[in-house]
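With the hints as extra help, turn the sequences into a complete structure.
Sequence order for the protein chains is A and W.
When we follow the numbering used here, the leftmost residue of the first sequence carries the number 1349, and every step to the right adds one.
When we follow the numbering used here, the leftmost residue of the second sequence carries the number 1349, and every step to the right adds one.
Derived from the structure by calculation, the hints contain no laboratory data.
Treat each hint with caution, since some may be false.
One copy or two, either will do: identical chains are not told apart, so a pair holds if it fits within one copy or between any two.
In silico SDA-like cross-links for lysine to any residue, where the CA-CA straight-line distance does not exceed 25 angstroms [what the hints assert, rightly or not]:
| id | residue 1 | residue 2 |
| --- | --- | --- |
| 1 | 1720 | 1556 |
| 2 | 1469 | 1694 |
| 3 | 1370 | 1694 |
| 4 | 1367 | 1693 |
| 5 | 1631 | 1393 |
| 6 | 1631 | 1668 |
| 7 | 1368 | 1653 |
| 8 | 1403 | 1674 |
| 9 | 1631 | 1670 |
There are 2 protein chains.
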Amino acid sequence: MTTLQVPGFIAGAACAGIKKDKKSDLGIIFSEVPACAAGVFTTNRVQAAPVLLDKERIKSGLCQAIVVNSGNANACTGARGLRDACAVAKAAADALGIDDELTLVASTGVIGRPLDVSAIKSVLPQLARELTPSGLFDVARAIMTTDTFPKAVLKKGTFDRKSFTVAAVAKGAGMIRPDMATMLCFVCTDVAATPETLGNTLKRAVAGSFNTITVDGDTSTNDTVIALANGLSGINLTEPSCAGVFQKILNELLFTLALQIVQDGEGATKLVTIEVRSAPDEKSARQVAYTVANSPLVKTALFGQDANWGRIMAAVGRAGVPLNPETVDIFFDNVCVVRDGQGRGNAAEEEANRVLRGDRFTISIDLKLGSKGATIHTCDLSTDYIRINSHYRT
Amino acid sequence: MTTLQVPGFIAGAACAGIKKDKKSDLGIIFSEVPACAAGVFTTNRVQAAPVLLDKERIKSGLCQAIVVNSGNANACTGARGLRDACAVAKAAADALGIDDELTLVASTGVIGRPLDVSAIKSVLPQLARELTPSGLFDVARAIMTTDTFPKAVLKKGTFDRKSFTVAAVAKGAGMIRPDMATMLCFVCTDVAATPETLGNTLKRAVAGSFNTITVDGDTSTNDTVIALANGLSGINLTEPSCAGVFQKILNELLFTLALQIVQDGEGATKLVTIEVRSAPDEKSARQVAYTVANSPLVKTALFGQDANWGRIMAAVGRAGVPLNPETVDIFFDNVCVVRDGQGRGNAAEEEANRVLRGDRFTISIDLKLGSKGATIHTCDLSTDYIRINSHYRT
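Given below as structure tokens:
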């Protein structure tokens, strides 16, 4: 992997002791100049304090620093939570020598516990001094909770013979069914943009990436994607042809991260794409795909490497979408196991079982009702998911 | 337990070799006279052959026999499945010496495999000869799949100094989120009724019992509740005051069975009641209750005996219901862990953890928004659920 480095950005991480395991749990991303900023946030009606704060601050369209902690979500913490989020932003701004209105915060971890602000404050000054151009990867590590690997990607693009860079880090392994938002993700780029252009570009990239994945159907209270564009490359997003180039690269970047999140789904052993085809409309297609992707019975069968398509049919049937069971086809990769609502027999199932032994495959469901489709990425449900989540706080 | 015996009904079970383990898998319930019949069936758009057949036949309002098998759901089996269901009904009717239009069928088990009709036919004649007044409990055993105990209840009532009896058997442990229906349940009673009265009484009882439970949010393709009323007690449901007495008893009976199903939820270690109070309307209340009850993160925390109310708040917030997080209270039995959207601290959580160590408790969620409520019964999600369901067919 190339070094995770974007001109004009420095970053770093430290251990503030919020996570129990003495691992790094505090990160800062800093832009040397105030950057154009846009964000997408959780649609959960219960929203964490940092989400509430960022949604206000990002209205200015400017940001110079993001402070993020793991180990505590600062959610369901009321007025105190908001004061704590402001205090962290203020302390970081002071340490960095910037206006605290230019500082955004993000948190992930346990819900409902007060944030240990003094622990964070005590490490911020030194952390602020030690930021480096290659420190973004350390931030990716610091925001991990049940993640088993850090998630980071970098891409370079060229436009008009000038080159630009986009890098992003993300976290997320459980409580994943982003809806117009995702778990934490921070994007840094050196293109120039207006908040509106950057916001629209980001929304489109999120729609095709984080909003197409689900691990357990649970939408988090803290989902946050923030993009910072510092303009140092001299390339401007407001030029339409440049916007296209940038959009494509951002789409790829966030899609890669989204797949990494599913792949790292708590206890996951398989990365499974659910494709619904020939639906009457896109909403129905998504509904069928999500119902299949979130069915515990489907997910456990995938873990057991059992082509139990009956459970897929049952999930399709209860998705609340008008359909004719007698026109439904189901494929595991290219193996057709159901044709017109009926199983194609043992030979087909054996072949499908072979597909399921792989760690990445596609389940296609053809409704033969219309021309719309939807694609969702998910993982299986394993005994490890239960083990991780029954003892998460203990 | 009193013997499961209703005047005028005989029943029995046998092993047809459909289940792999040589346990009984075929049952017959027989009314000595044609009985008034009513049914409630799955709302899944994918419906098994026996469901399709019964929905047609029950229109006559009359039934004399129910033949039921476990080990194979006869679902997603197309035209052949329907022919097979008819053939089983016909063979049973012949063996019992009745009109086959008076015979209903039910199946539960694996979806998508052809039913072994000849295996069933080969044991039907002897089974028909061996039916006994106390055989209903054997039927409860024969319809078990992943159930760990047979589910059967009997209640007697009196009206106008005459006594009547209602007994019911049920099965169901996974693929349980009935919706206007449930897994298999057969009710036998000696009251007299019209199909309409019996149907309405049954619907009301189902609404307050099977439609208030969820194990995994998966609605089955085979959910079936059938009630037979043979009139032998001389008591008639069409008398309004009698209808009230009967309704109360049927409600209790089906509610007991519904709780038994949740208690026997695949891998379940806890029976958990989710109560949503002060919601703006009943639909919203049910939606919040079901979202909490089906959240994998909530269910695994319950398994881990961890009062992780943050996951409950997150589920409440994503239920798609307008609410104010800052008015939400959450209780584990009588222990308030969240007041106005915020945690009440470690002492309250410790107390709540003590509640969670029990095997039956209530989680109450007070939205403080209106006057409507809903109550749902569910269970936790354990490693055993995964174990059972990842290898169900192998």
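Now for the hints, and whether the structure bears them out:
In this assembly of identical chains, the alpha carbons of residue 1720 and residue 1556 lie at most 25 angstroms apart only when taken from the same copy (15 angstroms versus 38 angstroms across copies). Taking CA atoms no more than 25 angstroms apart as the test, residue 1469 paired with residue 1694 passes between copies only; the shortest distance there is 24 angstroms, against 63 angstroms inside one copy. Within a single copy, residue 1370 and residue 1694 get their C-alpha atoms only as close as 52 angstroms, which misses the 25 angstroms cut-off; across copies the closest is 22 angstroms, which meets it. In this assembly of identical chains, residue 1367 and residue 1693 lie within 25 angstroms of each other by CA distance solely across copies; the values are 19 angstroms between and 51 angstroms within a copy.
Within a single copy, residue 1631 and residue 1393 get their C-alpha atoms as close as 21 angstroms, and across copies as close as 18 angstroms, so both meet the 25 angstroms cut-off. Taking identical chains as interchangeable, the C-alpha atoms of residue 1631 and residue 1668 lie at most 25 angstroms apart whether they share a chain (11 angstroms) or sit on different chains (16 angstroms). For the homomeric pair residue 1368 and residue 1653, the shortest alpha-carbon distance between copies (20 angstroms) is at most 25 angstroms, but the shortest distance inside one copy (35 angstroms) is not. In the homo-oligomer, the alpha carbons of residue 1403 and residue 1674 lie at most 25 angstroms apart only across protomers (18 angstroms), although the nearest pairing inside one protomer, at 47 angstroms, exceeds that limit.
Taking identical chains as interchangeable, the C-alpha atoms of residue 1631 and residue 1670 lie at most 25 angstroms apart whether they share a chain (12 angstroms) or sit on different chains (21 angstroms).
In summary, the structure agrees with every hint in the numbered list given earlier.
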